[in-house]
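Chains A and B, in that order, give the protein sequences.
For what it's worth, full-length UniProt numbering labels the leading residue of the first sequence as 1, then goes sequentially.
For what it's worth, full-length UniProt numbering labels the leading residue of the second sequence as 1, then goes sequentially.
These are computed hints drawn from the structure, not numbers from a lab.
Any given hint might turn out to be false.
The calculated label-pair distances, taken between Cβ atoms and stated as ranges, are [what the hints assert, rightly or not]: (1) A/V390 / B/T14: 58 to 64 Å; (2) B/D136 / A/S17: 28 to 34 Å; (3) A/A257 / B/R120: 57 to 63 Å; (4) A/S17 / B/N141: 42 to 48 Å; (5) B/P118 / A/N374: 55 to 61 Å; (6) B/D136 / A/F11: 41 to 47 Å; (7) A/V390 / B/S103: 39 to 45 Å; (8) B/P118 / A/A305: 39 to 45 Å; (9) B/G45 / A/A305: 15 to 21 Å; (10) B/D72 / A/S17: 40 to 46 Å; (11) B/D137 / A/A305: 56 to 62 Å.
Ideal placement from N, C-alpha and C gives every residue a C-beta, glycine not left out.
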Amino acid sequence: MRAVDVAGTAFRNAFRSRLRTTLTVVAIFIGAFTLSLTNGLGTGINRYIDDTVASVGVDDVLTVTKTDDSVPTEGPAEYDPDQIAADGPPGTTTTALTEDDLETVADVSGVLSVEPVKEVVTDYVRYDGGDRYQLGVAQFLPGMRTELAAGRQIDLDAPEPELVLPEGHVEPLGLGTPADAVGKTVELAVTDGTGEQVTTEATVVGVAEPGVLAMAGAIPNDVLTQTLYDLQSEGAPESRTSRYASASVTFDAAAGAEAQQALVDRLVDAGYTASTLEDQLGTITSVIDGIVLVLNGFAVIALVAAGIGIVNTLFMAVQERTREVGLMKAMGLSSARVFSLFSVEAVVIGLVGSAFGVVAAIGVGRLVGGVSANLLPDLPGLTLVAFDPVSVAVVVLGVMVIAFLAGTLPALRAARQDPISSLRYE
Amino acid sequence: MPSPLLSASTLHKTYGSGASAFEALRGLDLDIAAGESVAITGKSGSGKSTLMHLLALLDRPTSGTITLDGTDTSRMSARHLNRTRNTTFGFVFQQFFLNAQASVLDNVTLPLRIAGVPRRERTARGLAALAQLELDDKADNRANDLSGGQKQRVVIARALINRPRVIFADEPTGNLDSATGGVVEDILFGLNRSHGISLVVVTHDDDLAARCDRSVHMRDGVIAVHEGVAA
Ligand SMILES: Nc1ncnc2c1ncn2[C@@H]1O[C@H](COP(=O)(O)OP(=O)(O)OP(=O)(O)O)[C@@H](O)[C@H]1O
Ligand SMILES: [Mg+2]
C-alpha cells in the first residue's frame, strides 16, 4: 500500500465512528488549547520585557557595583561612611564606588572602558516660561531603545544637549502634540551643591510612549547628563561628587560567553559585583519561565490523559475492525502496513485536536489581548498572549508524538492479528 | 500431465498442544492443476477450511509441504507470501467481509490499494471488474445498500480484480437463496472457463460440487473418496 493511501485510509477510518473520535479530539483539543495558551502567556510577557527594556547591542556592557560584605548575618550592621543610597526598594544601600575603585576596575584585564553612572536629580522641566513640572531622569545604556510616539531615538554621543521626553509631559508643558514637541527646546533645573537652583536647556528629539523605561522619566544624552551633573556638583564637597552607586563597564562581547564569565570572575575577585542587563532581566524572565513551566506541566498532564483516550479509542477500533484487518492481511497487506494504518490514525486524531486547540488558543489570545489593554493600561504595548510560530509548531508536533505513542499499543495488536482466526465466522 | 499449479503432500495440521492438541489434517495429499475446478466436501469439522487456508498460504502446516508452481512455499519470505496472496489468489467467503461504509468501488479495489496501484488505474480496473459482473451502475453506492446476491458479486469482483490464477471460495453460496446462489455459481464457473482461473470451492452443496471438474471428500483430516476426473 502506498504512503498516500495509508494516510487517506487512516484519515477516513479516524472519522468512521464520528462521535467517539470527536470526543477524543475534544480531550486533545483541551490539552493543546491550554498548553498553547500558557505558552503564549510566557511568550507574550517575555517578549514585552525584551521589547520595552532590553534590546540590541546592550550585551557588551556590565553594571559594576562594589560588593557589600558589611551586611552581617546577625545583629545590626555597622555604619559605613562609604555607604550610599542605591537603586531598588527604598532603604537599599550600596557601598559607593570611589575614583580609586574606578581605576582598579579599569585595570582589570578585559575591561575596555569604565564610565561612572551619574545620578542626576532635576527639580523641574519648563517650556517657554510656562508651568513647571517634575521630571525624573532615566538611566540609559548605549544600545537601548524605547518605543517612540514621535521623533527619533536619543543619540547619546550627540554634541548638543538633547533628550527624549515621556509622552505624558508633552501636553501639560504646552508642547502640543508629540510631533509638535520634537525640535522644541525645554528648560531643566537642578539644585547645586550650595543649595542654589540653576537651569540649562536641551532640545527635545523624541517623545517616548509610556512603557517600563519611559516611566522612569526623560532620557538625556551624555552631554546633557554631564551638564546636569556638573551643575548639581557645583560647590559640593568632593567626597560627595566623586562617589558613584555604580559604573558601566564595556567589554568585548564578541569574545564569547566564556571570556565574559572570566571577566566577571576577575571583577568579583577584585571585590566588585558585575552583571549584564541580561542578567538583571534574567531574574524576571526566569520567574516568568518558572510560572509558565508549572502551567505547562498541568497542560501536559491533560494531554497525557487525552493520550489515554486515544489508546482507548483505537483499541475499540481495532476490536471493531478485526474482520477487516484479517481480510486485508489475507489479501497480502503486511503487518508493518497494518501497524502504520492504525498509528497514522492516532496521529490524525492528535493533529486534528491540536490544530483546533492551537487555533482556538490564538483566537482567545486575541480576545484577551483586547481586554488586557483595558485591564492593564499602565503596560501599553503589552500583548498578554503572544504566539511565535516555533512554539505553536512544537505544541502541534508534540501532541502528534504523544498520539503516535498512544497509538502504538493498539496498532501492535492489530499488526499481530492472525488473519484466519479473524476470518473464521462466529 | 503437466506439473500441478498447487500441490500438497503429507499435510499435517495440529491445533493447540499437549492434552488439548487436535490434529485437523492427518497426512493429506492433493494436486490442483491450472484451470481446474475442485470441490472440497465433507462433514462439518472434517478439516475443509483448514485445508483451504493452508493451500491459500494463509497458514503454515505443522508438517508436510505445499508447492506453488514447483516452489516450496515454506521457503517463501513473509513479503513473498503477501505478494503471492495479493496477486495470485482471490478470496470469496461465505460472509462477504465488505466494508459497509465504503463505496462499492473502494471495496472492489482493496487488493489493488494493498498492492500499491495508483488511484487512476485502480478506478479503471475496478469499473471494468464491476462491469464484468454487471454492477458498474452501483460503483458509487455504499456496500451496505446492496442485496445479498449483489454483495457476493462485489466480493467476486474484488477476488478477480488482480487477475488471480486461483480463486478460493469457502461456502460461496451458503448465505444466498438458491436462485441467487445459482447466478453466483454461473459467474464463478464462467470465470473458470473463460479465463482459466482455477477454482477451489469448499461446499456442503452437492449440486455445486457436481458442477466442478473434480470433487474431493474429506473425512477426519484425510481425503476419503475422489470423484470425477481431472479436466
Ligand atoms: N484455531 C483452531 N484451534 C483449535 N482447533 C481448531 C482451530 N481451527 C479449527 N479447529 C478444529 O479443526 C477441525 C477442522 O476445522 P475446519 O474449520 O477445517 O472444519 P470444516 O471442515 O471447515 O468444518 P465446517 O464445515 O463446519 O466449516 C475442527 O474440529 C475444529 O474444531
Ligand atoms: Mg469450514
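Here is how each hint holds up against the structure:
1. A/V390 / B/T14: 58 to 64 Å: 60 Å, holds
2. B/D136 / A/S17: 28 to 34 Å: 31 Å, holds
3. A/A257 / B/R120: 57 to 63 Å: Holds: the Cβ-Cβ distance is about 59 Å, inside 57 to 63 Å.
4. A/S17 / B/N141: 42 to 48 Å: 21 Å, violated
5. B/P118 / A/N374: 55 to 61 Å: Between B/P118 and A/N374, where Cβ atoms are some 58 Å apart, the hint holds.
6. B/D136 / A/F11: 41 to 47 Å: 27 Å, violated
7. A/V390 / B/S103: 39 to 45 Å: Between A/V390 and B/S103, where Cβ atoms are some 42 Å apart, the hint holds.
8. B/P118 / A/A305: 39 to 45 Å: Given a distance of about 41 Å, which is inside 39 to 45 Å, the answer is holds.
9. B/G45 / A/A305: 15 to 21 Å: Hint violated: Cβ distance 48 Å, outside 15 to 21 Å.
10. B/D72 / A/S17: 40 to 46 Å: 44 Å, holds
11. B/D137 / A/A305: 56 to 62 Å: 49 Å, violated
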